[in-house]
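Chains as they are written, first to last, in this note's numbering: chain W, 1 to 513; chain C, 1 to 230.
What the hints contain is simulated information worked out from the structure, not anything from laboratory work.
This one's a predicted model, so the numbers in the text were calculated from it and none came from an experiment.
Virtual Cβ for every residue (Gly too), placed ideally from N, Cα, C.
A hint or two may mislead.
[As the list claims (entries may be wrong)] So the derived label-pair ranges between C-beta atoms look like this: (1) Ala75(C) x Phe455(W): 45 to 55 Å; (2) Leu390(W) x Glu68(C): 52 to 62 Å; (3) Ser149(C) x Arg12(W): 15 to 25 Å.
[Claimed, not checked] Beyond 10 Å from chain W on every Cβ pair, some chain C residues (computed): (4) Gly15; (5) Pro39; (6) Pro57; (7) Glu66; (8) Ala75; (9) Asp83; (10) His128; (11) Tyr140; (12) Glu142; (13) Asn197; (14) His206; (15) Asp208.
Letter by letter, the chains look like this.
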Amino acid sequence: MNGLTLTLRSMRSRRASVLLIILSLSLSIALYLSVLGVQRMTRASFENAMTGVDLLVAPRGNDMQILLYSFFNIGEPTGTITWSRISELREIDNVRAVIPLSLGDSVGKFRVMGTDPALFDVMTRSNGLPVFSFEDGVSFSEMSFENLQVAQDALSPGKVSGHNAKEKAHKHKHNDRDAHDAHDSHDAHDAHDAHDHKEHGEHDHKEHGEHDHKEHSEHDAHEHGEHEHGEYDHNAIAFQVVLGATVAKEMDMGVGASIVVGHGLGGVHDHDHGEMPFIVSGILAPTGTPFDSLVLVHYRAIDAIHIGYQNGRNMLDHGTVLSLLSERGPAPVSAAIVLAKNKLGLVGLQRAIGDYEVEPLTAVLPGVALAKIWQLIGAAEKGFRLISLLVIIVALVALMAMTLTSLDGRRRELAILRSVGARPRQLVLMLMGESFIIATSACVLALIITALASFVIVTNVMGSYGLTSHMSILVWGDFTFMVYIILLALMVTLWPAIQLYRRTIHDGITIRH
Amino acid sequence: MAEIILIEDVHFDYGVSGFELTIPSFTLSAGERVLLLGPSGIGKSTFLNLITGVLQPRRGRICLLEQELTKLTAAQSDQCRGDHVGLIYQTLNLVPWLTARENVALGVAFSKRRQQRLHGSVDEATKHLMDRLGLSYDAYGEARAERLSIGQQQRIGAARALIGAPELIIADEPTSALDRPNAIKFLDLVFSSMDHNVQGFLMVSHDDRLADGFSRVIQFEDLMTMGARS
Chain W
1 MNGLTLTLRS
11 MRSRRASVLL
21 IILSLSLSIA
31 LYLSVLGVQR
41 MTRASFENAM
51 TGVDLLVAPR
61 GNDMQILLYS
71 FFNIGEPTGT
81 ITWSRISELR
91 EIDNVRAVIP
101 LSLGDSVGKF
111 RVMGTDPALF
121 DVMTRSNGLP
131 VFSFEDGVSF
141 SEMSFENLQV
151 AQDALSPGKV
161 SGHNAKEKAH
171 KHKHNDRDAH
181 DAHDSHDAHD
191 AHDAHDHKEH
201 GEHDHKEHGE
211 HDHKEHSEHD
221 AHEHGEHEHG
231 EYDHNAIAFQ
241 VVLGATVAKE
251 MDMGVGASIV
261 VGHGLGGVHD
271 HDHGEMPFIV
281 SGILAPTGTP
291 FDSLVLVHYR
301 AIDAIHIGYQ
311 NGRNMLDHGT
321 VLSLLSERGP
331 APVSAAIVLA
341 KNKLGLVGLQ
351 RAIGDYEVEP
361 LTAVLPGVAL
371 AKIWQLIGAA
381 EKGFRLISLL
391 VIIVALVALM
401 AMTLTSLDGR
411 RRELAILRSV
421 GARPRQLVLM
431 LMGESFIIAT
441 SACVLALIIT
451 ALASFVIVTN
461 VMGSYGLTSH
471 MSILVWGDFT
481 FMVYIILLAL
491 MVTLWPAIQL
501 YRRTIHDGIT
511 IRH
Chain C
1 MAEIILIEDV
11 HFDYGVSGFE
21 LTIPSFTLSA
31 GERVLLLGPS
41 GIGKSTFLNL
51 ITGVLQPRRG
61 RICLLEQELT
71 KLTAAQSDQC
81 RGDHVGLIYQ
91 TLNLVPWLTA
101 RENVALGVAF
111 SKRRQQRLHG
121 SVDEATKHLM
131 DRLGLSYDAY
141 GEARAERLSI
151 GQQQRIGAAR
161 ALIGAPELII
171 ADEPTSALDR
181 PNAIKFLDLV
191 FSSMDHNVQG
201 FLMVSHDDRL
211 ADGFSRVIQF
221 EDLMTMGARS
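Looking at chain W on its own, in the form it has when it is part of the complex (with noise of 0.2 Å):
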């Protein structure tokens, strides 16, 4: 038997009062080390989403809301941009690409992003990688308004909803064709479908008129591959759209599968556009940004669903609709990401975005959009560390409490310990010991916890807002943290060591009650 084994047992003779210490002391750990982990995840994920975006083009305002409302789904757009500002912006020199956002429908609890399919090909990350590639399926097509009149036309007797229709999606796969294999070969197919349904188009239009619309729908529905339990051919589909990781995941949907999108943003939606039903052409791999949880869809596709939407429903026909589509020039859209051919030059691109006088715009950086917002949160999040260390402190104290408290319990113990030839020293070894055990225990079992809580958080919290991180929610830091905690245990338990050093020598071998 030695001073460790001896230090063990008299811990398991009071294992109560030990755990209830342990299990204190490592939740305040854990508790501080999860708000360090999730500042820095939060931090690395929020510059990770931005990457491959040089600048954020949005109507006069402040660089963060812009940040925030146009790149992260947090808030709403306060104003629009004109389409002839986006044309004029393509025209810069130091311009690759503008890529046009119009923000404001959702599905379920995501966004619907309006954008152009050159998103997919022309953003890339620093090390040259592309952001974007697809799981499955392909990204939605260029706007055809031949397809669309037709697509429209044969989608119009009913609206399907995203439930289930992953499951409908795979039973054509088998019954009909392979989606997958539809999407691959979308061109061919659309230069098919296109005459064919300008012709079936053209033809019902002036046959029939508005007035007898429905009636030459459910016709042309079944001629362009509705079937009568409501599955498409979606061959026939123009009104495409791509699905971010975590939609498609949390949805459970696939390739082919159709979805409403509602009208404005928020979760529960009084009115929808169930009359022109998107089907979806790809369902993007996950990039661990904002657009894993965003339904993206042609901007051309967000002018046509709200072309004459009034009052929660389209008051307009679908012949008219696409007709006033084709007249008229695209939407404002709400914000636009701006790519660079030289970075170099990107400061020199944001003024002179800014000085445009017709139209005021702010070209917001969103590496210096972030710091400012990090900024702002500082104070905060020194508060939450001040308040996690505070936990900490109270902890530790009542270590010492606990520890002050067993000596009065412990005096016959020590005095027997002394009789056979124990030193003070040793005592206090001893006393110091357990302290060192109960810390360090503390301290693996707070890694438990934080390595479980950051799971959590970043699935459940992190993942709503489409951000993850591949970083770890513990760095060595953290580890150097700990063995000051120990450290500091050690020391709050050098007080109660001293007093047991004086008992001692004050009871010697005598046995007090």
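Given the structure of chain W, go ahead and fit chain C onto it with the hints provided.
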């Protein structure tokens, strides 16, 4: 016989409390069984702390097996006590969170010298002593100390004092919680477990009815005024 304890002209006081203890002389030799009688508060515990090296006298010599405790450092005194002294308390003799077997083994935990004196392993020595003191090792070895009766606890305390054969066994009112027949039986068991050629026994008590079996009985008042030599 070799002197285990030698005290000469020792004076001790606690300073502010005004308590003083003077021992002109005292000796205890190997094979001797000394009973020191005196009422509570007279200074018996202080005396025990002095002869075990826990307290240092203001003046005088205290020798344990020819080692002058007054010249040893605190650590050396602790080591000397662990190596050469076995202590039996009156009650609450055991560490409550250890088993009976572990409490006995505790007697040699801090002394290599006592470990070396064992015939066989610590467990074997523990078993031998427990069985000899009438407490079956197999039945009570793994019993928690707090679950034993007072009499059983006293015997485990005695086994702890005896393990490793320390030269001096000190008993501080070990029978105060026992009735007279059990007290005598307990002392008989302890005496029979000692090696009278090398070990000495010093017991402090206020019960003079236990004097039978002791080679010397000393009143504490007499010790303080006249001293007591073998």
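Hints the structure fails to honour: 8, 9
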